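2 protein chains.
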Amino acid sequence: MHDLIIIGGGPAGLTAGIYAVRYGLDTLVIEKNVVPGQIATADRVENYPGFPSISGMELMNKFKEHAEKTGVIVHSSDVRSVKDGGDKKVIVTDNGDLEALAVIIATGANPRRLGVPGEDTFLTKGVSYCATCDGPFYAGQNVIVVGGGESAVTDALILSDIAENVYVVHRRDELRACSILQKRAFDKENITFVWDTVVQEIKGGEFVEKAILKNTKTDEITEMEIDGIFIYVGITPNTSIADVEKQGAGFIVTDEKMESSVSGIFAAGDCRRTSMWQVVTAVSDGAVAAISAHEYITSVKFEN
Amino acid sequence: MHDLIIIGGGPAGLTAGIYAVRYGLDTLVIEKNVVPGQIATADRVENYPGFPSISGMELMNKFKEHAEKTGVIVHSSDVRSVKDGGDKKVIVTDNGDLEALAVIIATGANPRRLGVPGEDTFLTKGVSYCATCDGPFYAGQNVIVVGGGESAVTDALILSDIAENVYVVHRRDELRACSILQKRAFDKENITFVWDTVVQEIKGGEFVEKAILKNTKTDEITEMEIDGIFIYVGITPNTSIADVEKQGAGFIVTDEKMESSVSGIFAAGDCRRTSMWQVVTAVSDGAVAAISAHEYITSVKFEN
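Just so you know, the sequences run in chain order A and B.
Under the numbering used here, the letters of the first sequence match residues 96 to 399, in that order.
Under the numbering used here, the letters of the second sequence match residues 96 to 399, in that order.
Just so you know, these hints were derived from the structure itself, not from any lab.
Treat the numbers as computed from the prediction; the structure is a model and nothing was measured.
The hints are all genuine.
Simulated pairs of lysine-lysine, DSSO-like, Cα-Cα distance not exceeding 30 Å: (1) B:K164 to A:K220; (2) A:K283 to B:K164; (3) B:K164 to A:K157; (4) A:K157 to B:K220; (5) A:K283 to B:K396; (6) A:K159 to B:K159.
Far from chain B by the CB rule (all over 10 Å, computed), these chain A residues: (7) H97; (8) G191; (9) A204; (10) F217; (11) L218; (12) D268; (13) W290; (14) V293; (15) T313; (16) D314; (17) I330; (18) G345; (19) V357.
Okay, the calculated beta carbon distance ranges per label pair: (20) A:G191 to B:C273: 34 to 44 Å; (21) A:E296 to B:Q342: 48 to 58 Å; (22) A:G166 to B:C273: 24 to 34 Å.
Where a beta carbon is used, it is the ideal one built from N, C-alpha and C, also for glycine.
With these hints in hand, go ahead and build the complete structure from the sequences.
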């Protein structure tokens, strides 16, 4: 039986691993992908302090090197479920069962794709799912924001301070975002709303050049010349493996110490209910979860 | 008037600056020291993901370079006080008054020193104030923990999983730490309590070699051969400049968004009430504070 099993080898999981090994815990990280972490798909990361400009892949490799040097062991498996047996947690994988005193879930989340031609082709070349991450690359340019919820409008506001023009393309004729956000967005001169409209295709050469739009009421097709498309049609956390309290699309609810509703099961990073999906918050979550897990494991060992 | 003034140019303050500038906010960072950040005094940092082993000074320089490249402006001044004027905050410095819509306080904290000969000489050479940071450098060695509060006992437990022997030197004959922590520490075979005793002097060559101890009841002087001394006699946050809700030794109370009890005044990093004083949590706090400040500033501008 291990002291601690960490599910997910992205920024949150590896940081938890680094902290746990340094605390002397017998720790195992389980990751199914060769290159883990949503961040690995980012073309440029310019907001992880210490690296002014680095590709997501390079940053992820630096995290992996760091974890390896610290002695973190990463096991390649696909986790099917986590079972709570009180002082013992059972992790069911496609390679058999594993046991640990405590578990940290750091399985991340994925933005929902629009599913239109060109979306995958132009990922990191004009297609983005995060204005906080990629907005600054579009200074003085024209961008589309797809969606009408809180994230879409929040990021449209962020982009309006950076880009020349922001076009919010929404399939309905009203927003789901709260009224304060709506009012602010309507008040911004360089934000234009394109109602009852969906993006049908994304076109370009090396980078995005235009979006093909379709009016859902009239079926009219139009083209819009554009430098970037920011897509906000939902985020799905990878949390179906664990039976703990969740919110919204399945984000794990934790306390300040990153503990879930089940004692000894912790969560860190994008799979956790939080207002941000950033590398800095993920690594912080990972460290806090490891320290809390250490405290929990010490108390379980003491009681037995 | 600036959009945002950030007080303190350590990891939390500079990260807040990087995020704020990327959000298009007119931002100013104020720092009084040439080399800011408590972390700059660390000999080795091995738990900031991406840098397996780096000196605290080098890491701080990397943060400064990153901030500079992002366009963060750092102003050298000593801040005397922050005055809340509702939609306008006034920052009183030794170089005159500055104004901003919002303020982030990232002024850090300092561990209280014992004030004995050898303590400063051997800082980073056997004297430490943080087991989470420096504990792993003492694998298989013998260390003293000075203090009897929560931090002392928590870190003695951390060290007991790494070091050969841990001696908790406490000036009283009982601990202030909670009873659960006490029980766990008493249960550990390699933790020894040295009651009614103070460290009078720290001696060594290049590194710490021994501690001179004095029994407070009998005045008896003894020597103990030792590799490291971890000191926990309190932490003082640098928060006297602001009239906001504080706790304990003066740590600023914030909500999840890093907002203090005063609207538009945020706090990030070690000066904030938190259970950890780590670089990863400081940079995360800084990012969250900047995003919250952007939201606040957008709403203030919208209302006026």
